[in-house]
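Participant: Place chain F on chain W using the hints.
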Amino acid sequence: MEIPGIVRSIEASGVGEWMRMSLKAMPIVESIHVFTSAVVFGTILIVDLRLLGFPSTRRAFTRVSDELTRFTWGAFLISVVTGLLMFAPNASTYYGNTAFRIKMLSLLLAGLNMAVFELVTKRSVASWDSNVAPAPAARFAGAASILIWTTVIFVARWIGFTKGYNYDIPAGLDLNLQFPAQ
Amino acid sequence: MHEFAEWLQASSVSLTIQSVEWIIPLLQSIHILMIGVVFVSSLMITLRVVGSVRADEPFAAVWSRFAPWMWGGLVVMALTGLTLIVGEPVREFTALSFWLKMTLVAISVITIVIFGRTVRPEARASASAQFSAGRKAAAVATVVLWLAIIFLGRAIAYDVEVWGSLSLHA
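Each protein sequence line maps, in turn, to chains W and F.
Using the working numbering, you'd call the opening residue of the first sequence number 1 and step up by one each time.
Using the working numbering, you'd call the opening residue of the second sequence number 1 and step up by one each time.
Everything labelled a hint here was simulated from the structure, so no lab data went into it.
Note that this is a predicted model, so its numbers are computed, not measured.
Honestly, I wouldn't trust all of these hints.
Pairs of lysine to aspartate or glutamate, EDC-like flavour, derived with a Cα cap of 16 Å [to be verified]: (1) W:Lys24 to F:Glu161; (2) W:Lys163 to F:Glu21; (3) W:Lys122 to W:Asp66.
Partial list, derived from the structure: chain F residues whose beta carbon lies under 8 Å from chain W [to be verified]: (4) Gly36; (5) Phe151; (6) Glu161.
Positions of the beta carbon are idealized from the N, C-alpha and C atoms, including for glycine.
The following block holds chain W by itself, in its conformation from the complex:
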């Protein structure tokens, strides 16, 4: 079964229907998504800054990372669930939206960056865990992660402004846009 078919099935599902018809569900789901995504970004930022050795390398990287992991993953899980709940009612629209595609690609890149770090770079952690500048590969992982997650947030906001239409306004066309942005 190809992807457009799967997307249409999701859109026609009971969950999609419920999210479309419910008056209060969407704002609540969106708010939870903002909150949990803020926790994901904020906790990842702490670990990434530590990977960059900023503001200090006094506290062991493994300590900083280990105690935040459960918050990051717990929040990420809820972000995924709320994300799917937002995706379902308008699946086809999001699927065709460029900003949405860039966001999904960025999430994949973030996962890849994390996998490489966990499986390869972290093997040498004992030598750069505390009081020394982190290994170059560790610093790269931290910088890349900050860049990717910042992109996720910017591009995600852009979805709200572009979903439903993916075309440029023709040059010379005077549109009297009086409505406020959502």
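Facilitator: Then chain F, alone, in the frame of chain W:
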């Protein structure tokens, strides 16, 4: 006040913010990034107070690590927020959610300032110091306040659905 909002919305600054396509999305994105910074910074301090994270470090170390980011983030949010308000004043001023949000932001900031200033020197300096139940409750309350603020922020766009006749849109 409604007249002021309408006057502001017709000003050239406001019109520029409304009409240049990328300004509002950019401001909102920065605002959202800062939610991550502010909320998690505040969360880390609260988690330290309840003893969940960095319990091996004294409160002073955790406060000095995260409080500057929290305050800095709040300054950026005030600036982006103010610009967003100038861009869409009628939308904000006619939303009950907006006024509730601003009230809670003020309460939250005041609570954290008072909390930070009234931590006793022994509790501040020693890693083994325990905080009272009241202190822990206050710390948890600030996190709950930020959560309410996040929900109210989103509710501005749904003010009538959320508040019905209480919304100032009527």
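Participant: Hint by hint, say whether it matches the structure.
Facilitator: Comparing the hints with the structure gives:
Restraint check for Lys24 of chain W and Glu161 of chain F: the C-alpha separation of about 7 Å stays at or below 16 Å, so the hint holds. The hinted pair formed by Lys163 of chain W and Glu21 of chain F meets the criterion: a straight-line CA distance of about 15 Å does not exceed 16 Å. Of the supplied pair hints, the one linking Lys122 of chain W and Asp66 of chain W holds, its CA atoms being roughly 13 Å apart against a limit of 16 Å. Proximity of Gly36 of chain F to chain W holds as hinted, the smallest CB-CB distance being about 4 Å (cut-off 8 Å).
Hint status for Phe151 of chain F relative to chain W: holds, with the closest Cβ pair at about 4 Å, below 8 Å. At a threshold of 8 Å, the smallest CB-CB gap from Glu161 of chain F to chain W is about 6 Å, leaving the interface hint in force.
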